[in-house]
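2 protein chains.
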Amino acid sequence: MTQYQRIALASRPKGVPTAANFRLETADLPAPGPGQLLVRSIWLSLDPYMRGRMDDVKSYAEPVPIGGTMEGEVVAEVLTSNAEGFASGEIVVGRVGWASHGIVKAKEFRKVDPGLAPISTALGVLGMPGHTAFVGLNDILQGQGGETIVVSAATGAVGSVVGQLAKRKGMRTIGVAGGAEKCAYAVENLGYDACLDHHDPDLAAEMKALTPQGVDCYYENVGGKTLESVLPRMNTFGRIAICGMIAWYSGKGTEEAMRLPAAWRMILTRRLRVQGFIIFDHANRRPDFLAEVGPLVKSGDIHYRETRAEGLENAPAAFLQLLEGGNFGKQLVRVGPDP
Amino acid sequence: MTQYQRIALASRPKGVPTAANFRLETADLPAPGPGQLLVRSIWLSLDPYMRGRMDDVKSYAEPVPIGGTMEGEVVAEVLTSNAEGFASGEIVVGRVGWASHGIVKAKEFRKVDPGLAPISTALGVLGMPGHTAFVGLNDILQGQGGETIVVSAATGAVGSVVGQLAKRKGMRTIGVAGGAEKCAYAVENLGYDACLDHHDPDLAAEMKALTPQGVDCYYENVGGKTLESVLPRMNTFGRIAICGMIAWYSGKGTEEAMRLPAAWRMILTRRLRVQGFIIFDHANRRPDFLAEVGPLVKSGDIHYRETRAEGLENAPAAFLQLLEGGNFGKQLVRVGPDP
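Residue numbers (the working numbering), protein chains in the order written: chain A, 1 to 339; chain B, 340 to 678.
Don't read these hints as lab results, they were simulated from the structure.
Among the hints, a few may not be true.
Here are the in silico distance ranges between beta carbons for each label pair [what the hints assert, rightly or not]: (1) M597/B to S59/A: 17 to 27 Å; (2) E631/B to D139/A: 43 to 53 Å; (3) M597/B to D139/A: 26 to 36 Å; (4) R168/A to Q483/B: 29 to 39 Å; (5) G518/B to G145/A: 36 to 46 Å; (6) E520/B to E62/A: 43 to 53 Å; (7) Q483/B to A262/A: 23 to 33 Å; (8) Q481/B to R168/A: 29 to 39 Å; (9) K446/B to A262/A: 33 to 43 Å; (10) G179/A to G518/B: 50 to 60 Å.
The beta carbon of each residue, even a glycine, is placed where N, CA and C say it ideally should be.
Just need the whole structure built from these sequences, with the hints factored in.
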């Protein structure tokens with residue numbers, strides 16, 4: 001028996017979540033059964049989609065039950081393997097949840113190559129966020145050199161990869177991020193042609209001034225005022241990939257948002273294509289993603305940035321901050337020491 | 340010199356148009372120049388898109404200028420030809436506008452084969468509306484046998500063709516139309532599996548009851564409450580083709596409409612594809628459309644219905660009625676006698 005710590009969903013949030021919605025618990029783990037691994041968590045990934053799992057609403061995934069462990073991807077070390085092909089001491093990535101240890105199915109975990117890049121990147125630039133960026137840009141938006149793309153949450157785990165891959169395609173890249181520091185980083189480190197602060201009260205006018213040729217692709221991570229500044233700039237045959245809408249999570253800002261007819265009219269008259277996507281429908285593209293982006297991360301041609309919280313007990317506070325844009329790049333929680 | 344009659348745009352409507360926005364005029368036509376035809380109008384087509392041309396708003400086409408002839412497609416007879424390949428007495432179709440005669444460019448006109456079907460069908464089932472239905476169903480929605488499609492304005496010039504072609508593909512077809520008479524016609528004559536009346540106060544509940552397997556494709560002609568009843572029924576990977584939104588033209592109902600975040604959330608979580616389209620981007624598909632649908636109209640396998648107003652002077656009243664759904668099938672205006 002192994003004692004472990006976990007963060008459980010204590011209650012469902014009404015609107016914006018608070019610390020009271022989470023509970024730190026100690027519990028026991030059994031020994032791993034056939035095909036299972038006992039793993040200890042090193043890095044926990046925090047991601048905006050987790051907000052949706054806290055609600056009891058039908059979506060693409062089941063909600064976390066009250067009292068259940070919060071879901072999430074983790075980079076972990078194998079302590080005990082009861083599965084062929086996995087050995088203790090190996091580093092793996094998969095859905096352990098917000099927990100210090102887990103008994104998991106080996107076939108649902110992938111091995112992490114510590115020689116390629118720091119193991120934490122398996123949760124960020126080389127993990128689900130990077131894969132999401134790659135699919136959204138190439139398969140959903142089908143961005144082409146010479147086109148203009150706007151990327152919201154431009155310095156986030158997903159947006160930062162979208163912007164850099166788009167620039168490498170020869171696209172004009174306009175970022176939108178929260179605050180001067182992120183905007184400076186977007187231009188100086190991530191190579192955006194320009195970056196707007198979504199707090200800017202003149203966001204729509206600034207967006208218009210920055211996009212004299214209009215916008216061909218919009219990579220949507222946020223919704224809100226950012227979307228409303230981009231929609232009127234969309235060119236004929238433009239594409240919008242809806243990857244997230246963090247500005248509207250927890251119901252914030254929805255009462256002041258644009259009504260559907262205005263958007264519908266633009267979609268019709270400009271012949272836009274608006275498409276939602278979820279990365280787990282695109283697992284078949286992971287090898288292509290890793291083949292392209294892996295070497296670029298190793299060579300330092302793709303930049304990434306991490307915000308690290310220390311200790312599983314601080315995961316809820318870090319998550320609440322993430323929802324407010326308080327992270328800078330990929331939000332991680334250090335759950336255990338490196339091997 | 341030929342004297343002719345035309346309907347000019349007298350003023351721009353504020354909201355719902357009225358008869359005062361139109362003016363009947365008599366004017367003179369010059370003789371046709373090189374490459375031109377003098378034609379006399381037989382049938383004028385009235386279409387919902389014309390509402391958009393009355394506003395001074397940037398769209399996919401230029402607005403009609405104040406004092407200009409209202410735009411529209413016409414089936415006409417050639418009176419004088421100054422263009423190779425066209426002879427007087429031939430029947431042609433093209434943009435004469437709301438006018439009894441016109442001097443037009445021959446290369447912008449197509450000949451109508453009176454042996455295929457009544458010449459008025461060149462404005463309806465075998466014209467732009469039928470072509471629009473064909474492209475929307477096959478290229479935009481990519482409807483497949485076994486899927487469920489909802490068609491709004493189900494008995495209209497476009498929707499009636501969508502429904503029949505979808506049924507021939509083996510789709511389950513649900514229409515939405517205005518009133519019991521249209522709904523009965525939809526099921527009995529057009530072969531819809533069911534048809535809902537958009538006036539029904541329980542439209543959303545009825546839509547839910549009728550679509551136990553959800554909705555894969557929505558052919559959007561109207562917006563409004565119909566859209567709001569369909570959106571929650573959309574299946575994962577569903578498609579919405581936005582062809583029109585007549586319920587929201589003239590600004591009607593837009594203040595009560597759903598806000599964007601609710602729709603955005605459904606597009607994201609269900610991975611929908613929402614695409615606007617305009618038929619003139621798809622001229623290359625006209626031969627395929629005519630090859631498939633022409634024989635079906637000739638054989639009587641595709642049904643169509645027309646509402647005919649008599650006399651150019653009655654075009655404005657007929658158009659105002661069309662905007663309220665007062666037509667039944669394709670709305671035409673008899674401008675001159677058959678040849």
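ask   = How does the Cβ-Cβ distance of E520/B and E62/A compare with 43 to 53 Å: does it lie in that range?
value = Cβ of E520/B to Cβ of E62/A: about 46 Å, so the range 43 to 53 Å holds.
Cβ distance range 43 to 53 Å for E631/B and D139/A, holds or violated = With Cβ atoms ~31 Å apart, the hint is violated.
message = If I claimed the Cβ atoms of K446/B and A262/A lie 33 to 43 Å apart, would that claim hold in this structure?
response = holds, 38 Å
Status of the given 29 to 39 Å range, CB of R168/A versus CB of Q481/B = holds, 31 Å
ask   = Quick one: are G179/A and G518/B within 50 to 60 Å, going by C-beta?
value = holds, 55 Å
key: Outcome of range test on Cβ distance (M597/B, S59/A; 17 to 27 Å)   = Hint holds: Cβ distance 18 Å, inside 17 to 27 Å.
Cβ distance range 23 to 33 Å for Q483/B and A262/A, holds or violated = holds, 32 Å
ask   = That 36 to 46 Å hint for G518/B and G145/A (C-beta), does it hold up?
value = With Cβ atoms ~52 Å apart, the hint is violated.
request  = Using the Cβ atoms, figure out if M597/B sits within 26 to 36 Å of D139/A.
outcome  = holds, 29 Å
request  = Indicate whether the distance between the beta carbons of R168/A and Q483/B respects the range 29 to 39 Å.
outcome  = 36 Å Cβ-Cβ, so the 29 to 39 Å window holds.
The earlier numbered hints that this structure contradicts are 2 and 5.
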